[in-house]
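S.K.: The listed protein sequences correspond, in order, to chains A and B.
1 is the number of the first residue of the first sequence in the working numbering; add one for each residue after it.
1 is the number of the first residue of the second sequence in the working numbering; add one for each residue after it.
I should point out that these hints are in silico values taken from the structure, not numbers from a laboratory.
Do not take every clue at face value.
[To be verified] With a straight-line Cα cutoff of 27 Å, these simulated DSS-like cross-link-like pairs (lysine-lysine) come out: (1) B:K113 <-> A:K77; (2) B:K42 <-> B:K32; (3) B:K20 <-> A:K77; (4) B:K117 <-> B:K22; (5) B:K79 <-> B:K153; (6) A:K15 <-> B:K117; (7) B:K117 <-> A:K77; (8) A:K295 <-> A:K319; (9) A:K77 <-> B:K112.
[Said to hold, decoys possible] Here are some chain A residues the structure puts well away from chain B; computed CB gaps all over 10 Å: (10) I12; (11) C45; (12) E81; (13) E84; (14) S87; (15) K88; (16) Q95; (17) H128; (18) S262; (19) S274.
Just so it is clear, the structure is predicted and the values come from calculations on it, not from any experiment.
The C-beta atom is built at its ideal place from N, Cα and C for all residues, glycine as well.
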Amino acid sequence: MSTSIEQEIIPILAKELRNPFIHMLQQDKSSYLQEIRLRVNQPTCILFGGQEYFITHKGKKILSHNNSKEYLITTTKQLSETTEYISKYSKYAFQEEIRQGYLTIQGGHRIGLVGKVTMVNGTIHTLHPISGMNIRIAHQIQDCATPVLPWLYENGQVVHTLVVGPPGSGKTTLLRDCIRQISNGTEYGEGKNVGLADERSEVAACYQGIPQNDVGIRTDVLDGCPKAKGMLMLLRSMNPMIIATDEVGTKEDMEAIRYISSCGCSILVSVHGSSLEEVTHKPVLSELMQMKIFKRYILLSYQRTHISVYNEHEEQLTKINI
Amino acid sequence: VKWIALTVIASSLIGLSFGKAKKLQQRMKDLKSVLLMLELLKGEIGYAIAPMEDAFMEIAKRMTTPFSDFFHALSQELKQLSGESLEDIWTRNIPIFLEKTALVESDLTILKKLGGKLGCLDEQTQIRILDYTREEVLRVIETLNQNLQVNIKLYQSMGIIGAVFIFVIAI
Chain A
1 MSTSIEQEII PILAKELRNP FIHMLQQDKS SYLQEIRLRV NQPTCILFGG QEYFITHKGK
61 KILSHNNSKE YLITTTKQLS ETTEYISKYS KYAFQEEIRQ GYLTIQGGHR IGLVGKVTMV
121 NGTIHTLHPI SGMNIRIAHQ IQDCATPVLP WLYENGQVVH TLVVGPPGSG KTTLLRDCIR
181 QISNGTEYGE GKNVGLADER SEVAACYQGI PQNDVGIRTD VLDGCPKAKG MLMLLRSMNP
241 MIIATDEVGT KEDMEAIRYI SSCGCSILVS VHGSSLEEVT HKPVLSELMQ MKIFKRYILL
301 SYQRTHISVY NEHEEQLTKI NI
Chain B
1 VKWIALTVIA SSLIGLSFGK AKKLQQRMKD LKSVLLMLEL LKGEIGYAIA PMEDAFMEIA
61 KRMTTPFSDF FHALSQELKQ LSGESLEDIW TRNIPIFLEK TALVESDLTI LKKLGGKLGC
121 LDEQTQIRIL DYTREEVLRV IETLNQNLQV NIKLYQSMGI IGAVFIFVIA I
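Please build the complete structure, drawing on both the sequences and the hints.
M.R.: This is how it looks when you write it as structure tokens:
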């Protein structure tokens with residue numbers, strides 16, 4: 001069993017859930033574990049090497065379409081206990097994260113939460129009781145950005161770049177590795193100061209302010225701050241050469257990008273989309289595209305089979321098979 | 001021999017009564033430490049919004065033994081995520097560390113009750129619980145304070161009078 005899973009994931013599970021997982025991970029390579037899904041009164045489910053399985057009391061993996069009755073059923077008590085450990089016995093300290101429906105734990109693993117939402121004055125006040133959670137195991141794929149790096153530089157400088165891809169295509173993973181390599185320095189350009197506005201802690205996966213993922217030696221992370229505000233704060237306070245953020249989409253984000261692009265600072269951002277055409281139709285983003293602010297578009301395919309690189313005229317420069 | 005025996009008995013009586021008086025003073029001191037602990041915990045939760053293990057570690061640094069040892073042990077145990085609830089960890093450690101203090105059973109019960117209410121869903125509720133516990137401790141201090149000087153003098157006087165009485169009987 002890998003040390004990170006042993007030290008970071010097993011202890012946050014309810015006591016009764018620990019042994020089945022320990023046994024399961026002793027039998028199989030824990031690096032294949034991608035997700036653990038706990039739902040009240042439902043089978044304990046995992047995503048392992050891209051395949052969904054149910055777990056038995058003895059820690060055996062059973063394909064989810066199998067009709068076995070040995071499934072380990074997650075109980076309310078186990079979910080409540082797991083919530084206690086995730087929040088380090090201090091739910092009040094993670095109130096904001098619980099309200100937003102996710103939190104990041106040591107190691108950069110992200111936990112999505114669902115349950116009964118209580119609204120006060122039109123805003124989410126709390127999520128209680130929690131009826132399900134999805135523990136997503138952090139996997140950094142270092143050097144996955146290497147094939148696209150030559151296209152991000154012009155005369156040693158990073159150009160404004162937009163990473164486009166559908167959910168699950170690896171946008172954040174690619175963005176993270178681009179940031180890491182640009183920050184550390186590559187054969188195409190020396191190391192640069194990168195400011196990262198990581199609103200949802202998905203890129204750097206900060207835990208108590210410390211990045212759990214490697215985002216490079218010259219990267220300053222503003223964690224948990226709204227993207228638009230964060231990007232402008234970084235511009236004013238940290239004098240970055242590149243400002244990066246994940247999943248832009250609001251009008252405020254676009255205004256911040258437009259402002260930053262005129263300040264001599266490069267932009268490296270990602271957005272949801274399955275094609276450039278789809279992105280062009282996004283109301284706020286289309287304006288930036290028409291202004292040809294982005295010099296490169298990195299388009300990821302849904303099946304993670306290839307990456308296409310386009311220029312500001314939306315002409316394909318290369319197609320990289322991965 | 002007779003006079004030596006009388007002196008020993010009289011000294012023991014005086015020692016016992018002065019010890020009892022000192023324990024009263026020490027209980028007051030320990031109750032004030034509990035108040036300080038509650039204030040520090042309120043600060044850590046209300047202002048620093050620190051999780052319990054960090055809050056306990058900070059409190060351990062600012063308090064004296066055995067309170068500092070109590071919070072240090074709690075912090076270490078919480079870090080381990082052993083599968084035990086916060087209430088169980090808290091309650092189990094009270095007799096280990098706080099029975100060394102002059103706090104009486106009713107004082108320790110207030111503290112044990114607090115353990116079951118730590119780690120609430122929201123910060124405001126947590127603060128209110130700490131405030132409620134603080135009021136309970138303040139009431140105990142107030143009651144103790146009303147009679148403290150009288151009781152101290154009473155214990156000391158009883159010891160001295162008892163000793164004198166023994167000598168008078170012997171004469």
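S.K.: If a hint holds in the structure, say so; if it doesn't, say that too.
M.R.: The hints, checked one at a time:
no. : hint              : result
1   : B:K113 <-> A:K77  : 22 Å, holds
2   : B:K42 <-> B:K32   : 15 Å, holds
3   : B:K20 <-> A:K77   : 48 Å, violated
4   : B:K117 <-> B:K22  : 33 Å, violated
5   : B:K79 <-> B:K153  : 47 Å, violated
6   : A:K15 <-> B:K117  : 21 Å, holds
7   : B:K117 <-> A:K77  : 18 Å, holds
8   : A:K295 <-> A:K319 : 16 Å, holds
9   : A:K77 <-> B:K112  : 23 Å, holds
10  : I12               : 7 Å, violated
11  : C45               : 22 Å, holds
12  : E81               : 8 Å, violated
13  : E84               : 7 Å, violated
14  : S87               : 7 Å, violated
15  : K88               : 4 Å, violated
16  : Q95               : 6 Å, violated
17  : H128              : 6 Å, violated
18  : S262              : 38 Å, holds
19  : S274              : 39 Å, holds
Taken one by one, the earlier hints fail for this structure at numbers 3, 4, 5, 10, 12, 13, 14, 15, 16, 17, listed in ascending order.
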